[in-house]
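Novice: Sequence:
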Amino acid sequence: MHDPISIDQMSLVNAINQELSRQCPDMPFCPSIFNTAIKAANLVVEECAREPVKVREGMSISEWFECDDTGTSSKYMAYVIDGGTTRLPIQGYSYPHDADDFGRCLRMVRALGFEKKVFLMLTTGHEWREIASHWDELVAHYDNENWEELYSFLSGLSNR
Numbered sequence: 001m002h003d004p005i006s007i008d009q010m011s012l013v014n015a016i017n018q019e020l021s022r023q024c025p026d027m028p029f030c031p032s033i034f035n036t037a038i039k040a041a042n043l044v045v046e047e048c049a050r051e052p053v054k055v056r057e058g059m060s061i062s063e064w065f066e067c068d069d070t071g072t073s074s075k076y077m078a079y080v081i082d083g084g085t086t087r088l089p090i091q092g093y094s095y096p097h098d099a100d101d102f103g104r105c106l107r108m109v110r111a112l113g114f115e116k117k118v119f120l121m122l123t124t125g126h127e128w129r130e131i132a133s134h135w136d137e138l139v140a141h142y143d144n145e146n147w148e149e150l151y152s153f154l155s156g157l158s159n160r
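Numbered per our numbering, the sequence shown finishes at 160, counting up by one with no gaps.
None of these hints come from the bench; they were simulated from the model.
Where hints are given, some of them may not hold.
[To be verified] Each pair of labels, with its calculated beta carbon distance range: (1) SER21 to GLY113: 50 to 58 angstroms; (2) SER133 to PRO31: 52 to 60 angstroms; (3) GLU115 to TYR93: 20 to 28 angstroms.
What you are looking at is a predicted structure, and each value in this text was computed from that prediction instead of being measured.
Glycine included, C-beta positions come from ideal geometry on N, C-alpha and C.
Please work from the sequences and hints to get the whole structure.
Specialist: Here you go:
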């Protein structure tokens with residue numbers, strides 16, 4: 001997450017068009033492509049300019065799904081623990097592969113008050129079974145910034 005950033009929209013549009021010209025030097029000017037480059041630049045400018053939506057304790061699962069501190073593994077975990085009752089979209093089975101992924105899962109668990117529900121992950125796949133079985137240990141590694149131990153555990157999941 002970041003603080004709001006000011007981006008020059010026209011410079012970004014020019015950079016996109018220069019890259020298009022580099023990749024396709026013989027491409028003639030096409031108004032629809034130029035307009036799409038403007039739309040893309042506008043999306044980036046708007047995203048950079050907005051205040052980030054941070055995880056906070058007591059937020060609803062729907063609010064959490066819309067915040068800026070989510071990833072595929074934390075969304076999957078929230079979906080499973082919630083029982084899918086919110087019908088929020090997920091991309092499918094996913095588990096944390098590194099400390100950043102695990103941190104998003106942990107912040108979600110803490111924000112939504114799911115600490116006593118982590119056990120629900122035990123039956124979702126062998127990676128989550130290992131993570132849920134060692135949850136307290138992994139949380140301690142994360143909280144104590146023992147990144148090597150955390151990464152070693154998470155990176156070895158596919159070999160177990």
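Novice: Decide, hint by hint, whether the structure agrees.
Specialist: For each hint, the structure was consulted:
no., hint, in the structure
1, SER21 to GLY113: 50 to 58 angstroms, "holds (53 angstroms)"
2, SER133 to PRO31: 52 to 60 angstroms, "holds (58 angstroms)"
3, GLU115 to TYR93: 20 to 28 angstroms, "holds (22 angstroms)"
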